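Asks: The primary structure of each chain is shown beneath.
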Amino acid sequence: MPRQLLRTRLRSLFWRRSPEQEVDDELAQHLALTARRLEQAGLSPEAARAAALQRFGDLNQVRAECRVLAHEYEDDMRRRETFQELRQDASYGLRVLRRTPLFTTIALLTLAIGIGASTAIFSVVHAVLLRALPYREADRTVVIWNGYTQAGGRSHTAIAPPEFADVREQTQVFDAVAAVGRQTANLTGSCGGSSACEPERVAGYAVSPDLFRLLGTASPVVGRGFVDGDGAEGAEPVVLLSHALWMRRFAGDSSLVGRTIDVSGRLRTVIGVMPPEVRFPDAPLDFLRERGDLWIPHAWERNRSEERGNQYLGMIARLRPRASLAQAQRDLEAIGARFRAEWPDRYARADLRWGLDAFPLREHMIGEARSAILVVAGAVGLLLLLACANVAHLTLARGTVRQRELAVRTALGARRGRLVRQLLTESVLLALGGSVLGLLTAVVGVRLLVVLDPGNIPHLDTARVDGVVLLFTLGVALAAGLLIGLLPAMRQSQVRPSERLQDGARGAATGHPRRRLRSVLVVAEVAMALVILVGAGLLARSFIALQRVDTGFDSRDVLTVQLALPRARYDSASKIVAFHARVREQLATIPGVAAVGGADPLPMSGSGWSGSMYVEDLRVPPEQAEQHAEYAVALPGYFRAMGIPLLEGRDFTDADRRGAPLTVIVDERLAAKYWPGQSAIGKRINPNRAQGTWATIVGVVKHVYNAGPRQEGEPQIYVSFLEHIQHPLTYVLRTGGDPLSVVRAVRRAIASVDPELPVARMATMADLESRALARDRFNALVLSVFALTALVLAAIGLYGVMAYLVNQRTAEIGVRLALGGRPYDVVRLVIGEGMAMALTGIVLGVAVSLALSNVLAGLLYGVAPIDPLTYTAIAAVLALVALLASAIPARRAARVDPVAAHR
Amino acid sequence: MTPPSRPLLQGTLDLLVLRTLAWGPRHGYAIARWIEETTHDVLRVEEGSLYPALYRMQKKGWIRSDWGESELGKPIRIYSLTVKGRAELRAQSAHWDAVVAAMAKVLRPA
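Residue numbers (my numbering), protein chains in the order written: chain X, 168 to 1070; chain B, 7 to 116.
Think of the hints as simulated: they come from the structure by calculation, not from any bench.
Keep in mind the model is a prediction, meaning the values are calculated, not measured.
Note that CB positions come from ideal geometry on N, CA and C, so glycine has one too.
There may be inaccurate statements among the hints.
[Stated by the list, open to error] Taking CB as the label site, the calculated pair distances span: (1) B:ARG96 to X:THR272: 47 to 53 Å; (2) B:ARG96 to X:LEU645: 42 to 48 Å; (3) B:TRP102 to X:PHE250: 31 to 37 Å; (4) B:HIS101 to X:VAL235: 24 to 30 Å; (5) B:ARG96 to X:GLY642: 48 to 54 Å.
Assemble the whole structure, with the sequences as input and the hints as a guide.
Replies: Here it is as structure tokens:
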């Protein structure tokens, strides 16, 4: 076959006739030869020609047929030729790579890092941002909140049932509107088998029966979904389970459908199990934070007579086909106008600019995670470029060695395109090899990322290396291979062979353009490394700042236990009080427990309450009389157990109970806001706005960051639990040592009072606090790893180039030394060149970082995105690393033996 | 006049061309002449149909073409047998022999 190829090549080289032409010529010759024979046999030339034609048959048809065949053959040949060349290039490339094992190993590892990291991050991006939500209608679904404008910007609160009912009735733009509320879900009793199970508390939601239809969720894997009438007055109590809960607690038993389970003291018939990917709300929708385990239907419009201040629902609505978000906002504005007209004191306050605000569901679910992921993806992209630049360096350096080989091939007539293709084939081979190693890295990396799951990145747990990710990796590898090979290939194939051969013979390449190319690469590398390092540095500083925030309580040695008493069994205040009296008594006797208290909601737990109140004798315009504050209920002893300093007055006591005069404890901020410069003790506020229910302030405590260290929160009011009795409460125990050492005793103590009550939610306060910082830790950690890698890659790149330059200039350096130059001058020369490149890179990197600074701004806390300290420190570190990287080649240069250099 | 020619059996032309080229490389006209002479015109090849057959066999890799000079002093395609073509010739000849033997048995029972 190769000979055949050569022939084809030569022919096309010398004749360059089209296949059609060749066919015509061949047939014409046949006819001419036949005619000649017939002429020799005695026919006249005309007769001979006519006879030849006649013997030939249908000339036109034969010609047409032959032309088609000749064309096909030509195409075949060309394809085969290309493939053959590719195979030759590949096998030749592999031989070359095998001949230089050190180069190949370093290049492979560098690429494995770059491609591995990008693959791992891409699989997260794919899982979180790109893969569709498990809802067909997600793109026309919106979330609606009550919006208020306050000092800190627009804030949002939940929806009250009558507000939901009104929107549902009055909308012109939405074709379905649903409401979602949290639902206490204590599971007790059987798990499907005969024996009883541990009681357990899961994430339950009470939803409008059409919620899943609205979202366009796939139908349940077992049983049926909700239908209209489910959740209506007097309807059969039913429940839908998540696939996860069904598998975990009920071992995937499909005969469960149709049977009843005990949900918070009420027997409900299981009607179906949702598909595994459906965990609505899949990502935090404001206060609806936990992925759903079970759903109970509730027609929320039944609650329309409730107070409009009872805002505890999320509202989900679906736009009519082809309706826009702007139309939706106008529709909500029209409904809001009616609200304002009817309840001016609630909705029409000028300073709050109340309105119903709609957000696309997808954006809302992913919003928090998006910027973090994009920053990480950006960093990993830079890292990949760095890795490519480094391998390009290596290839360039090796190119020096290969000059002669390529020059010989050029001299022997290899086309420039063919040489370029040869070099590209080699770098693509390298990149493909690197991506195989990179995939292994990625598989491990993805597992690590999933373990680091900060809990608020939706679907992160579904990230894995799948087909799409593999395709991405392949694409990245090809792109990296071309990128790496292109520069050196262009460079090497340009030079005339005579020059190259002479150069090679003399052993001293001058090659100015090549050196410039290398310098550009190094400058770019340093700049990219600086950008990543600055990002990581800022995130790390921000994380440290967050950890240093004084959250107002002492999280060390504190255990928290969430309890939710089922309404069915605890149907009166006295039963609840009796339960807690006994539990407090039992817990206090546990050895190692120093203090017992309780509160709801607990700081850092993800939930919070806030509401309106009046302050007695406050001199403000009447429309501003309603003030806003955060609320919590607390058991006596809570502040001591939680380590919240009591600044003035007293804690609650058992006497602060129903029937006794109303008392409240406020935080320092509330006290300072309304009674600056005087004591708040004895002053009165009206926390629940009922007429004449004034409560006396008996204590002032330190302000607590309830929603995590990022949010200062509003002034706070604590109400006595014993006065404001409710079902959920979280116990807080201060222990003498490791809080986890008392876990078993706490379980026993609670079980001794009520064996049916689930105590699943036990967590140390330190855990809760660290969970509140999980996202920041995730960002800082991932970016730091990238940044360190980037630093190493940039250092290697710089070192490589300096070493190469010194090598190239051995002769020149030798001359300098021979002419009396001091080694010190040589060191200075080399280091000076290295530092010039590094400093250019640093300046460029600082400029790019500054330009990108607002991308990071949203992720930072307590540190400006243009923080001078971070910039200076990072620049200094890079400069130092650059100094080291050029010092080693510089020392070698200083030791050049002038005689040896000129031999 | 020429005796009435009989239509060629399917695939016979390929076999004839392979056989012809087994003696050595030649151009299309020469192949046609050789077939005509050795079969004494019993198997008359319609000369036009020879060329599509040649192109087809070249595509199959049984024969290849090089450039030579014709008796008229012009460049012309010279066809020759490839290794693959030689193997094909052996296989087709064997098959042909088998068919002929079988037909002979049927037509002239011993």
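Asks: If a hint holds in the structure, say so; if it doesn't, say that too.
Replies: Now for the hints, and whether the structure bears them out:
no. : hint                             : verdict
1   : B:ARG96 to X:THR272: 47 to 53 Å  : holds (52 Å)
2   : B:ARG96 to X:LEU645: 42 to 48 Å  : holds (46 Å)
3   : B:TRP102 to X:PHE250: 31 to 37 Å : holds (35 Å)
4   : B:HIS101 to X:VAL235: 24 to 30 Å : holds (29 Å)
5   : B:ARG96 to X:GLY642: 48 to 54 Å  : holds (49 Å)
The structure shown violates none of the earlier numbered hints.
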